[in-house]
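Protein chains: 2
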Amino acid sequence: MVTMKDVAQRAGVSIATVSFLLNDTKPVTAATRARIEQAMLDLGYRRNMVARALASRRTHIIAMAYPALEHRFGMSTSEFFTSAAEAARKEDYHLVLWPVGNDGVELRELLGQGLVDGVVLMEVQLVDPRVDVLRQSGTPFALIGRTTDLDGLSHVDIDFDATVEDAVRHLREHGHHELVLISGDLDDPRFHDYGPWVRTEEAYRRVVASYDLPIRIIPCSDTTQAGKAAAARVLTEYPETTAILVLNEYAALGVVAGLKHTGHDIPGDISVLSLLTVPETAAMADPELTMMRTPGPELGQLGTQALLRQLEGDDPLPPQLVPAKLHPGATVAGPRAPRSKAGAGRRGARKARS
Amino acid sequence: MVTMKDVAQRAGVSIATVSFLLNDTKPVTAATRARIEQAMLDLGYRRNMVARALASRRTHIIAMAYPALEHRFGMSTSEFFTSAAEAARKEDYHLVLWPVGNDGVELRELLGQGLVDGVVLMEVQLVDPRVDVLRQSGTPFALIGRTTDLDGLSHVDIDFDATVEDAVRHLREHGHHELVLISGDLDDPRFHDYGPWVRTEEAYRRVVASYDLPIRIIPCSDTTQAGKAAAARVLTEYPETTAILVLNEYAALGVVAGLKHTGHDIPGDISVLSLLTVPETAAMADPELTMMRTPGPELGQLGTQALLRQLEGDDPLPPQLVPAKLHPGATVAGPRAPRSKAGAGRRGARKARS
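Chains as they are written, first to last, in the UniProt record's numbering: chain A, 1 to 354; chain B, 1 to 354.
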């Protein structure tokens, strides 16, 4: 291991002089600089960003903190990450992914090393220990997501209210009024406080109440298997259902598979609308899912911008909420026959069809 | 921005003394140390890993270099990454993900900053510019994958030969001899040299030749849409096919969907075997895919171990090839009727069944 002392000895200067040069704290003559640089080269001592970072406190590296062990890194996440990385690259920053847990412990350790200029936080919880860790460390950061108490935090997020409103309106316009939401599983301790699930469910309750429709919600984790089970529950508990909204993307694939397995035609017998997903996942379902498209590319870019503006001392990016937009697919149509809340169940309608 | 000079002024010592303390290059008295540390605290100057790294050249951070813009970060990748992160954590290292391109340009920039102790390389190409970049930088590294010229490189990889042998044998044991491989698309410039695709195709050519079967390969990129198109090509070009092997996991979902769309029963009319995937993706198909399970958890861990042994000066990890193992599903069965290469096509058999 080559130290500054070794460099100083080889260059025939004092350690302080090497330090002055590396940290740019005091001018050194061109001749001395050349001697020190030659010594560093000879000894394989890289005069690198570590040294410069020590002086400037800037590495031009930013991290996206993503709790990869708690949250599946799926197609949608990938869009947030790659768009954030591209946005960083355009501004001459490097974005790296930190797979740190939700509790903030590993985040604190990494921040303590001072190697990044700032952090973009993903998969934000309503009360998020990572926000406190970031504040205490003095590290600039931006949220893709929202805590309950935002208190001036720089953030961008999905507009869950507008997304759910548009989704329910779309189904209403097709004539559906027997709806079920297959939501997230808020009983899962990893997700009980997970913003997107809590906010979507709240929005759904509000929106269907405004239409004077019953609130029917079935919890479901984000796997295909869980989606199949949830579809079965819908058929048993709410047989009158003509349209299902599914919050999670892999669950949505399971809902379609499960309904088809039990002999239901989609959308002939029952419509399915995926609330947050991306075209590539939607294409995995057969028929292809009608969906509200997750604005991952927009939010990855905006979240990075929100952070970089802080780092560059520019005007702060105002908080932005971006709705998921309706994206055509083949799983939504009108209900097969007119029905009322108290009227004929869809089971009868399906029999009449087959 | 607080500099060493500010700290020195506030502590009433020379910059050199601050440097001696931070870089551990010369002893300072306890009283001086206390004064400097108090000054750093007062000024918010973190005596952090940047300083220590400058002295010790060690950060205990390792990076997984993953070309996220070229390669989809899917379910399988996620397994490699999280198992690698867990393996690192157990040894008190942090693993971060670097979404650097295949050409090595951004990798070189990041390495030049000297912030990581080593690199695990993912999605390795047969001739991989990133290997040269890593060698030139003097950074320890290990490959999850293999270049053609390994030349003592520390590496672990999928055993593609054993995987393809087992897969073809499984289909042969079910009585199939009209096989097609839906492979990767080696004409795509991003993938022309991509190890897993080249090696799988080579292995397939060798294995089916050893069974004296015709070599039938259809190129296909890794998307559901491409898989649907490839399934249609199989039906047109090789209507006698009774079993399809699919290299890529999202393509495999498309193959199943495409075959079903054209009225084929799986596995009644045609069997599908996914060559490299994980249970969660397999569950998205209906019926659930029979597969060779990608050994992501094993390889993520082994790749990290291979690197950490270098960093810790332990005995090198011997190169290891891990086969994907057969994992039961519901897309493989015997062909519907006995047939010979020149015999009745499967179209007739399917008609007889429906």
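Incorrect hints may appear among the rest.
Claimed, not checked - Footprint (simulated), chain A over chain B, 3 or more residues, beta carbon under 8 Å: (1) 28 to 35; (2) 162 to 171; (3) 176 to 188; (4) 195 to 208; (5) 223 to 234; (6) 249 to 259; (7) 306 to 313.
Said to hold, decoys possible - No more than 25 Å apart at the CA atoms, straight line, and that leaves these computed lysine to aspartate or glutamate pairs for DMTMM-like: (8) A:K5 - A:E37; (9) A:K90 - B:E106; (10) B:K26 - A:E288; (11) A:K260 - A:E298; (12) A:K325 - A:D315; (13) B:K26 - A:D92; (14) B:K260 - B:E288; (15) A:K260 - B:D149.
FYI, nobody ran anything at the bench for these hints, they're computed from the structure.
Ideal placement from N, C-alpha and C gives every residue a C-beta, glycine not left out.
Do the hints match the structure? See the list:
no. : hint            : verdict
1   : 28 to 35        : violated (count 0)
2   : 162 to 171      : violated (count 0)
3   : 176 to 188      : violated (count 0)
4   : 195 to 208      : violated (count 0)
5   : 223 to 234      : holds (count 3)
6   : 249 to 259      : holds (count 4)
7   : 306 to 313      : violated (count 0)
8   : A:K5 - A:E37    : holds, 14 Å
9   : A:K90 - B:E106  : holds, 12 Å
10  : B:K26 - A:E288  : violated, 68 Å
11  : A:K260 - A:E298 : violated, 34 Å
12  : A:K325 - A:D315 : violated, 29 Å
13  : B:K26 - A:D92   : violated, 37 Å
14  : B:K260 - B:E288 : holds, 13 Å
15  : A:K260 - B:D149 : violated, 50 Å
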